[in-house]
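Position chain E against the provided structure of chain S, taking the given hints into account.
Heads up: the sequence lines are chains S and E, in that order.
Per the numbering used here, the first sequence runs over residues 9 to 320.
Per the numbering used here, the second sequence runs over residues 9 to 320.
Each hint should be verified, as a subset may be incorrect.
Repeated chains share a single entry, so a pair holds when one copy, or any two copies, can fit it.
[Stated by the list, open to error] Okay, derived cross-link-like pairs now, PhoX-like style, lysine-lysine, Cα gap no bigger than 20 Å in a straight line: (1) Lys225 <-> Lys283; (2) Lys221 <-> Lys136; (3) Lys117 <-> Lys99; (4) Lys146 <-> Lys99.
Quick caveat, the hints were computed from the structure, so don't treat them as lab data.
Number of protein chains: 2
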Amino acid sequence: MLLRVIVSKVESMKKITVIGGGTGTFVVLSGLKKYPLDLSVVVSMMDSGGSTGRLRDQLGILPPGDLRQCLVALSDAPELWRKLFLYRFEKGDLAGHNFGNIFLAALEKVSNSYDEAIETVSYVLKTKGKVIPVTLNKLHLVAEYDNGKRVTGEGLIDENHAEKSRIINAYLEPQGKANPKAIKSIEESEYIVIGPGDLYTSIIPVLLVSDVKEAMKKTKAKIIYIMNMMTKSGQTTNYKASDHIVDLVKYLGREPDYVLINNGEILPEVLSTYKRYNEVKVVNDLEKSNFQVIEKDLVDVGIERIGEGDID
Amino acid sequence: MLLRVIVSKVESMKKITVIGGGTGTFVVLSGLKKYPLDLSVVVSMMDSGGSTGRLRDQLGILPPGDLRQCLVALSDAPELWRKLFLYRFEKGDLAGHNFGNIFLAALEKVSNSYDEAIETVSYVLKTKGKVIPVTLNKLHLVAEYDNGKRVTGEGLIDENHAEKSRIINAYLEPQGKANPKAIKSIEESEYIVIGPGDLYTSIIPVLLVSDVKEAMKKTKAKIIYIMNMMTKSGQTTNYKASDHIVDLVKYLGREPDYVLINNGEILPEVLSTYKRYNEVKVVNDLEKSNFQVIEKDLVDVGIERIGEGDID
Numbered sequence: 009m010l011l012r013v014i015v016s017k018v019e020s021m022k023k024i025t026v027i028g029g030g031t032g033t034f035v036v037l038s039g040l041k042k043y044p045l046d047l048s049v050v051v052s053m054m055d056s057g058g059s060t061g062r063l064r065d066q067l068g069i070l071p072p073g074d075l076r077q078c079l080v081a082l083s084d085a086p087e088l089w090r091k092l093f094l095y096r097f098e099k100g101d102l103a104g105h106n107f108g109n110i111f112l113a114a115l116e117k118v119s120n121s122y123d124e125a126i127e128t129v130s131y132v133l134k135t136k137g138k139v140i141p142v143t144l145n146k147l148h149l150v151a152e153y154d155n156g157k158r159v160t161g162e163g164l165i166d167e168n169h170a171e172k173s174r175i176i177n178a179y180l181e182p183q184g185k186a187n188p189k190a191i192k193s194i195e196e197s198e199y200i201v202i203g204p205g206d207l208y209t210s211i212i213p214v215l216l217v218s219d220v221k222e223a224m225k226k227t228k229a230k231i232i233y234i235m236n237m238m239t240k241s242g243q244t245t246n247y248k249a250s251d252h253i254v255d256l257v258k259y260l261g262r263e264p265d266y267v268l269i270n271n272g273e274i275l276p277e278v279l280s281t282y283k284r285y286n287e288v289k290v291v292n293d294l295e296k297s298n299f300q301v302i303e304k305d306l307v308d309v310g311i312e313r314i315g316e317g318d319i320d
Numbered sequence: 009m010l011l012r013v014i015v016s017k018v019e020s021m022k023k024i025t026v027i028g029g030g031t032g033t034f035v036v037l038s039g040l041k042k043y044p045l046d047l048s049v050v051v052s053m054m055d056s057g058g059s060t061g062r063l064r065d066q067l068g069i070l071p072p073g074d075l076r077q078c079l080v081a082l083s084d085a086p087e088l089w090r091k092l093f094l095y096r097f098e099k100g101d102l103a104g105h106n107f108g109n110i111f112l113a114a115l116e117k118v119s120n121s122y123d124e125a126i127e128t129v130s131y132v133l134k135t136k137g138k139v140i141p142v143t144l145n146k147l148h149l150v151a152e153y154d155n156g157k158r159v160t161g162e163g164l165i166d167e168n169h170a171e172k173s174r175i176i177n178a179y180l181e182p183q184g185k186a187n188p189k190a191i192k193s194i195e196e197s198e199y200i201v202i203g204p205g206d207l208y209t210s211i212i213p214v215l216l217v218s219d220v221k222e223a224m225k226k227t228k229a230k231i232i233y234i235m236n237m238m239t240k241s242g243q244t245t246n247y248k249a250s251d252h253i254v255d256l257v258k259y260l261g262r263e264p265d266y267v268l269i270n271n272g273e274i275l276p277e278v279l280s281t282y283k284r285y286n287e288v289k290v291v292n293d294l295e296k297s298n299f300q301v302i303e304k305d306l307v308d309v310g311i312e313r314i315g316e317g318d319i320d
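Next comes chain S alone, as it looks inside the complex (with noise of 0.2 Å):
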C-alpha cells in the first residue's frame, strides 16, 4: 500500500485523514484498516441520489450513504454486520432502499446529536477509524457548465453523463459551514488521502464546504492525491491527468505533494464497458511540477501493495 512507508517509518501511530466518499474512498478505507494508523475519513454531505435522495427529501434528514460506506469500509465486525448495512431492499414499499441508510435515518431522528447517531453506528460496526461528516448542514451541490447550463444536486450532476460541456464552476447552496471535527481531523493530519473519486460529485463537494479549504492550506499534512483511473462522462469527459490537477487545485487551495498515478494495463473487457459510456483511460500527461508524481500498476495490486521508497 502506498501508505505502508509511511506506516514502517516510524513506530508512532500516524494520524491520516481521508476525503472522500464513493466507492474510490471505501477501497483506500478498506485497505488502510488494516494498518495500525490513526485513521479517519471526511465524508460528502452532499449526496442527493438513489436511496439516499429519497430518505433525504421525504424524511428531512442528513444524507446517510457515503456516510454508510466507510462506515462499512471500516467495520471490523462480523461479515453478518457488513452484508447487513449494505442490504438492499427488492420489493414493496422499501424497494430499494438501503438497510444501512435506514439505519442512519433512524438513529438521526431519535438520538440527541448527529455525533451520537455516528457513534452508535461505530459501535455496531466496530469501525477502526472515525468517520466525520464534512458538515452537518443540509447542503446541495450545484455545478455550472461551460454552456451556461446550471443543475442543481449531486445526483443529477452524477446522472448527467450526457452532458458534453465542461464543468466551470461548482458551489454549494447554502454555503454551510464545517464540522468542527472534520476541520480539526485535516489541521492534525500527518497526511491527507484524496480520491479515488467521482472529482465533483465525492472529492470537490467535500472541499468547497466553508473552512475546509483554509484548513487544507493551514495543515502541515503531506497531500496525496490518487488519480482516478478512467474519466467519468458528464464531469471529466476526456480529462487527462493535468486537467484533472487544475481543477482539484482550483477548490484544494494548493496543489497535493505526491499524486499516485496509474501505469498499469486494463483488461479490454473492462475498457469496452466504460467505452460505451464514451469513458476512457486517464492519460498521465503530467510534466515537472512541485509535486511528487508515484506511476504504479494500480490495475492489477489495487492501492494495497505501493512499496517503500515511494514517498520521500
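Frame of chain S; chain E shown alone:
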C-alpha cells in the same frame, strides 16, 4: 410482582416461560427482567396487521412485530436502542413502518438462520432472557364465528371490532410445526405465565401451534394466567372471567394453576375510552375450581407489587 415470591423462595434461578406477544406481554417482560430469573418468552408468529403485515406480504418474511416488542421489553441496552427499535417512520416510502420491524426483516434476509437473526438483535439490545418464536413456519390465524363467518389473518381478526358473534373455533392455516426451542422451554420451566393479552390474537395463536398443547400437558410447570382487565370487542365481547377460562382451557388443554385477576378501580376516564368500543371491565365470576384465584389491585400497582404469600 406476582413472581417475586417465586424468586424469594429459592436460591436458584427459577426458569420461567412467558407466552404471548402483544402489549400485555411487553409489560410482563419489562417487570420480570428486573429479577434474577432464567426468563424466556415464546412469541406468537401470526401477526398480519400494519407494518408487520405489509412487510411479511411484500418480502415473504416471518412477521417481526411481536418478536420486536418482546426483544425491546427484555432489553437492557441504553435507552437510545430501545427508542430506535420502537421508532416509527412518519413520512415517505417508509411511512408507518417500524424500524425494529425493518431491522428484523433485513436480518432475516442476510442471516443464515432465523436463530442467527434473533441472536444478532439480542446482542445489540442486550436482552435479558431468550426470545423464542413459537414457530418458524409462515402461518395465518383463522377465526370461525358462531354466525358462520370466517376471517383469515390475525390483523383482520384483531380489527373486527364490530363483530357481535362469538368466536367458536380458531385454527392455523397451514397447521405448521412448533419451534423445538419453544417446546423445550415450556417443558423445562417451573412457571409459565400466560397473558395478559388479546385472547384470540396474542395468546391462543401460540397455543394453536402443533405440539404446544401437548407440551403444556406434559410440563410440570405451574401455569399462571393473568386475566385481562377489559373485554375486547369482536373477540371477547361481554366475556366474564369464566368465559376467558373456558376458551383458554379449550386451547391450552388443561386448567391453569393460578389465575391473577384485577379487583382495583379503573379510572372513569379510562373506562369511558373503552366504552366507545363497547368494551367493559371483566367481571370476576370465578367460583370454586381447581385453580387458585388471586385477586389484586392490578391498576394501581401494575403487576409489579403482588407480595409474597400470594402463591402457595
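Structure-based check of each hint:
no. : hint              : result
1   : Lys225 <-> Lys283 : neither (38 Å within a copy, 71 Å between copies)
2   : Lys221 <-> Lys136 : neither (26 Å within a copy, 50 Å between copies)
3   : Lys117 <-> Lys99  : between (24 Å within a copy, 12 Å between copies)
4   : Lys146 <-> Lys99  : between (29 Å within a copy, 18 Å between copies)
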